[in-house]
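Residue 51 is where the sequence shown starts when you use my numbering, and the numbers rise one by one after that.
Certain hints may be false.
Unchecked claim - Okay, derived cross-link-like pairs now, DSS-like style, lysine-lysine, Cα gap no bigger than 30 angstroms in a straight line: (1) Lys188 x Lys172; (2) Lys101 x Lys82; (3) Lys172 x Lys110; (4) Lys76 x Lys127; (5) Lys163 x Lys82; (6) Lys130 x Lys76; (7) Lys53 x Lys110; (8) Lys127 x Lys101; (9) Lys53 x Lys97; (10) Lys101 x Lys188; (11) Lys110 x Lys163; (12) Lys127 x Lys188; (13) Lys118 x Lys130; (14) Lys97 x Lys163; (15) Lys127 x Lys110; (16) Lys76 x Lys53; (17) Lys97 x Lys127; (18) Lys97 x Lys76; (19) Lys110 x Lys130; (20) Lys82 x Lys130; (21) Lys130 x Lys53; (22) Lys163 x Lys127; (23) Lys188 x Lys130; (24) Lys163 x Lys53; (25) Lys82 x Lys172.
Think of the hints as simulated: they come from the structure by calculation, not from any bench.
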Amino acid sequence: MEKNWPPLSCPNGDDGTRIWSHEWLKHGTCSKPLITNQFSYFETTLKLREKVDVLAALQKAGINPNGKRYSVANIIKAIKIGLGFVPNIQCNVFTVVGPSSIMQLYEVYFCVKDGSLVDCEKKIPFVSACTPFIIFPKFK
51 MEKNWPPLSC PNGDDGTRIW SHEWLKHGTC SKPLITNQFS YFETTLKLRE
101 KVDVLAALQK AGINPNGKRY SVANIIKAIK IGLGFVPNIQ CNVFTVVGPS
151 SIMQLYEVYF CVKDGSLVDC EKKIPFVSAC TPFIIFPKFK
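Let the sequences and hints guide you as you build the complete structure.
If you want it as structure tokens, here you go:
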């Protein structure tokens with residue numbers, strides 16, 4: 051877990067148990083009755099993680115974390131072609147220019163059914179809307 055799901059918050063002595071507990075309580079418990087405990091949730095999640103390389107799928111389509119703007123439709127298409135399923139995309143505000151905001155890619159959500167990755171058929175209610183073009187920010 052420390053290798054594949056490390057706590058990325060500021061150093062505070064957290065050994066990861068706080069974020070892992072949060073993930074289980076917020077996301078894992080909704081996978082019941084298929085997954086009934088924390089160990090099974092993280093085991094299943096890490097196995098699914100091995101199957102997806104979002105960055106490689108995006109880069110294969112010429113979409114790179116370089117601070118440039120890309121079409122949300124092209125991002126979704128690249129993931130569909132590269133990984134075989136349609137994700138949900140979450141954006142947040144990168145910067146405000148005058149009366150409008152420039153959005154950036156914030157998170158990519160996957161939908162799971164019976165332990166397999168499947169197309170996300172509808173938008174997740176809490177996921178913030180993206181503008182048609184968004185920035186794919188640089189990261190280390």
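Do the hints match the structure? See the list:
1. For the proposed pair Lys188 and Lys172, the alpha carbon gap of about 28 angstroms is at most 30 angstroms, so the pair holds.
2. Taken as a hint, the Lys101 and Lys82 pair is honoured in the structure, with Cα atoms around 22 angstroms apart against an allowance of 30 angstroms.
3. For the hint linking Lys172 to Lys110, the alpha-carbon distance of about 26 angstroms falls within 30 angstroms, and the restraint holds.
4. With a C-alpha separation of about 28 angstroms, the suggested pairing of Lys76 with Lys127 holds against the 30 angstroms cut-off.
5. Proposed proximity of Lys163 and Lys82 is supported: the alpha carbons are some 12 angstroms apart, at most 30 angstroms.
6. At roughly 26 angstroms between alpha-carbon atoms, Lys130 and Lys76 fall within 30 angstroms of each other, so this suggested pair holds.
7. With a CA separation close to 26 angstroms, the supplied pair Lys53 and Lys110 stays within the 30 angstroms bound.
8. Of the supplied pair hints, the one linking Lys127 and Lys101 holds, its CA atoms being roughly 18 angstroms apart against a limit of 30 angstroms.
9. Of the supplied pair hints, the one linking Lys53 and Lys97 holds, its CA atoms being roughly 14 angstroms apart against a limit of 30 angstroms.
10. With a CA separation close to 24 angstroms, the supplied pair Lys101 and Lys188 stays within the 30 angstroms bound.
11. Our distance criterion of 30 angstroms between C-alpha atoms is met by Lys110 and Lys163, whose separation comes to about 27 angstroms.
12. Between the alpha carbons of Lys127 and Lys188 the distance comes to roughly 21 angstroms, so the proposed pair stays at or under 30 angstroms and holds.
13. Distance check on the hinted pair: Lys118 and Lys130 sit about 21 angstroms apart at the alpha-carbon level, within 30 angstroms; holds.
14. Restraint check: the Cα-Cα separation between Lys97 and Lys163 comes to about 14 angstroms, which is no more than 30 angstroms; the hinted pair holds.
15. Between the alpha carbons of Lys127 and Lys110 the distance comes to roughly 12 angstroms, so the proposed pair stays at or under 30 angstroms and holds.
16. Between Lys76 and Lys53 the alpha-carbon distance is near 21 angstroms, which keeps this suggested pair within the 30 angstroms criterion.
17. For a cut-off of 30 angstroms, the pair hint linking Lys97 to Lys127 stands: about 23 angstroms separates their Cα positions.
18. With a C-alpha separation of about 19 angstroms, the suggested pair Lys97 and Lys76 falls inside the 30 angstroms cut-off, and the hint holds.
19. In summary, the hint linking Lys110 to Lys130 is supported, as the alpha carbons are separated by about 12 angstroms, within the 30 angstroms threshold.
20. The hinted pair formed by Lys82 and Lys130 meets the criterion: a straight-line CA distance of about 27 angstroms does not exceed 30 angstroms.
21. For the suggested pair Lys130 and Lys53, the alpha carbons sit about 27 angstroms apart, so the restraint of at most 30 angstroms is met.
22. With a CA separation close to 21 angstroms, the supplied pair Lys163 and Lys127 stays within the 30 angstroms bound.
23. Taken as a hint, the Lys188 and Lys130 pair is honoured in the structure, with Cα atoms around 22 angstroms apart against an allowance of 30 angstroms.
24. Between the alpha carbons of Lys163 and Lys53 the distance comes to roughly 26 angstroms, so the proposed pair stays at or under 30 angstroms and holds.
25. With a CA separation close to 21 angstroms, the supplied pair Lys82 and Lys172 stays within the 30 angstroms bound.
When each numbered hint is compared with the structure, no violation occurs for any of them.
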